[in-house]
Each structure stands twice: as structure tokens, then as C-alpha cells.
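Trainee: Place chain B on chain A using the hints.
Read top to bottom, the protein sequences are chains A and B. Quick note: to get our numbering, add 1307 to the position in the first sequence (first position is 1). Quick note: to get our numbering, add 1307 to the position in the second sequence (first position is 1).
Please keep in mind that the hints were generated in silico from the structure rather than gathered at the bench. Values in this document were obtained by computation on a predicted structure and should not be read as measured data. Yeah, the Cβ is synthetic: ideal placement off N, Cα and C, and Gly gets one too. Only true hints are included.
Covered stretches of chain A, as calculated for chain B (at least 3 residues, CB under 8 Å):
1) 1340 to 1347
2) 1450 to 1456
So, partial list: chain A residues that the calculated Cβ filter (under 10 Å) puts toward chain B:
3) ASP1329
4) GLU1332
5) MET1333
6) HIS1350
7) LEU1352
8) ALA1353
9) VAL1357
10) GLN1372
11) ARG1381
12) ILE1392
13) LEU1396
14) ARG1425
15) GLY1427
16) ASN1429
17) PRO1438
18) MET1439
Protein chains: 2
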Amino acid sequence: MSEPLILQARSLTAEAFAAFGDVVEMAGHAAVPMNQGGAERFHDLAQVDVRDQAGEVGISLARAQPENAPVTLRLVERHPLGSQIFMPLGTHPFLVVVAPAGDVPGRDALRAFVSNGRQGVNYHKGVWHHPMIALGAESDFLIVDRRGPGNNCDEAEIAGGDVVVQL
Amino acid sequence: MSEPLILQARSLTAEAFAAFGDVVEMAGHAAVPMNQGGAERFHDLAQVDVRDQAGEVGISLARAQPENAPVTLRLVERHPLGSQIFMPLGTHPFLVVVAPAGDVPGRDALRAFVSNGRQGVNYHKGVWHHPMIALGAESDFLIVDRRGPGNNCDEAEIAGGDVVVQL
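Only chain A is shown next, with the shape it has when bound in the complex (with noise of 0.2 Å):
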């Protein structure tokens, strides 16, 4: 049995998380006013992308309880069929462990990073995940995905042995 890896989480950026999907937020992008002028908006932050044997877009709630770091990991999904958002609805940071799409990943191919609270993401289609990490407190979160017809989630056990992610 090999030791637990140590995986560092890292601070959640756009250009950090490219490689798996969107970071939904303000900072970066321009913003266009709104309201005639009361507000402004910031479009076009996710690429949402669910059609896949006639997929539709999906919009639910999540409630979280929260986990302590250090989190020993415990298995890796995806979604074959589509993309998949999760917008935090108050402020509390969480933790997001991805790994390319393609094969099962080893633990060596695990990235972690924390949304401040703010940030939310949008794995793309395929992205390997661990189910969404919340932090400090019971966390809320609307989730924009697939339903439709199909097997839309694939579950994996990670390879190589244990992984504890440390903030």
C-alpha cells in the first residue's frame, strides 16, 4: 500500500482551470451596462454544452454539507454527455479536484484548487471530478447540466492509492 499523496490545493483561476472547464465570475471580463444603466452585465462566462442524444439543459439546487480539510479523496466521475455548472449562491469557499477527460486518471493527474466562494465552475464534457467539496459551512449551489436520455455519469475509483487534499 503506497503512502497517501499530498495534493495542494491551489487558488482557483481562469487560466489554472482552463484545461477542465470555466471559472464563472466578474474578474476578467468586461462588463456591458444594463437596466439603462442600473446594472451591469458580464456575458457569456460558460460554454454550455448538453446536447448530446438530445440532451436539454437541466436546472436544480444543491445543499452541501460541509467537509474538513485535510479531504482524503474518495472517487472520480464525469459526465460523458455534457457540461456541468456549479454557482455557489453565498460566499463560502470550496474545493474542486478535477482531472482530464479521457481515461480513468491516476492520482498523479488530480489538480485541486479553492473558489474564494464567489467563483463558480463549469467542468466540460468528460472532465474527470471528485463530487463538489464544500468548506466551513453548509453551502448552496444552482447547478446548470444535462438531462435527457442516456448514461450521463461515469464513477471511477482513483488509481495509484489515497489522496489528501490540503488548503
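Mentor: This is chain B only, laid out in the frame that chain A set:
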């Protein structure tokens, strides 16, 4: 010039709002477990309808400056090609003013609702609505609506005289 019409805002409920769109909230919906029991998910809370004329789903953020009640309404708008979700990212109440899809509404057709700050709304395609009215504090929203070719915004004056919304 007629007297201003006083429009009393009501609490936002799925039932009262059903003629205009969906209320995106956990209340009244059954949860299913997710993430090995560490979270619960409330499925399919809004009908996203954006495909007319080759439309796609767009994901945006908006930051709105607050207004003070009573609010004198300015205009109404509708999106003839798609639905539009406003999901609050904080806890501040906001005002939702709507009128049925169809001809430009007279002021008697308007209805006003107050979100409790956790409830989002999804305007169904073509439903007339006032630009969103944040209350109390600068407020951020996630918007899920349509992007694509064609004219997807009609604006109209409110016929019949001034309308003042009170809480």
C-alpha cells in the same frame, strides 16, 4: 394625466408566479441524495427554452445597484426568443414585475412580487417584465438565458400612466 397606480408587491410563490415563469427554490421540491449522501439535490426547477432560431444557452453574471421602494416603474421588456433566469447570489430581496406574454400590457396587467433573496425566477419566453429591481444593497445574479441570432429584446412603455410599486 391619470393618477399613479399603486401596485402592491406580494411574496413570490410558485403558484402565484406560474402564469409568468418558474420560481427557482428548494421549497416545495423533493430532494434526492447526491455525493454519497453529503449533499442533496433538487432537480429540474426551471424550463430553459432558448432554441428558437438557433439559440444557445448563455451564462452571464449581473451586478445591480439597489433602488428604494416605492419604485416608479420605467418600462417593460420581453424576450420573444427565449426564457431568462435570474438567480440571486446573495440573500437580498428583490422585486419582480411581470405581465402576461402577448400584446403590450396596460398598467392594470402588471403584477409585482418580492423574492425573499434566495428565490430565483425564470421568465418564460415572451413574458413581459420590468428590468430587475434590486433592493437594499448591491446585488449579484447569475443569468441563464439565450444567446444567438435574431432580435430577442422588445421594450415598451407602460400604457395608461405611472405605476408605483410598494412593498
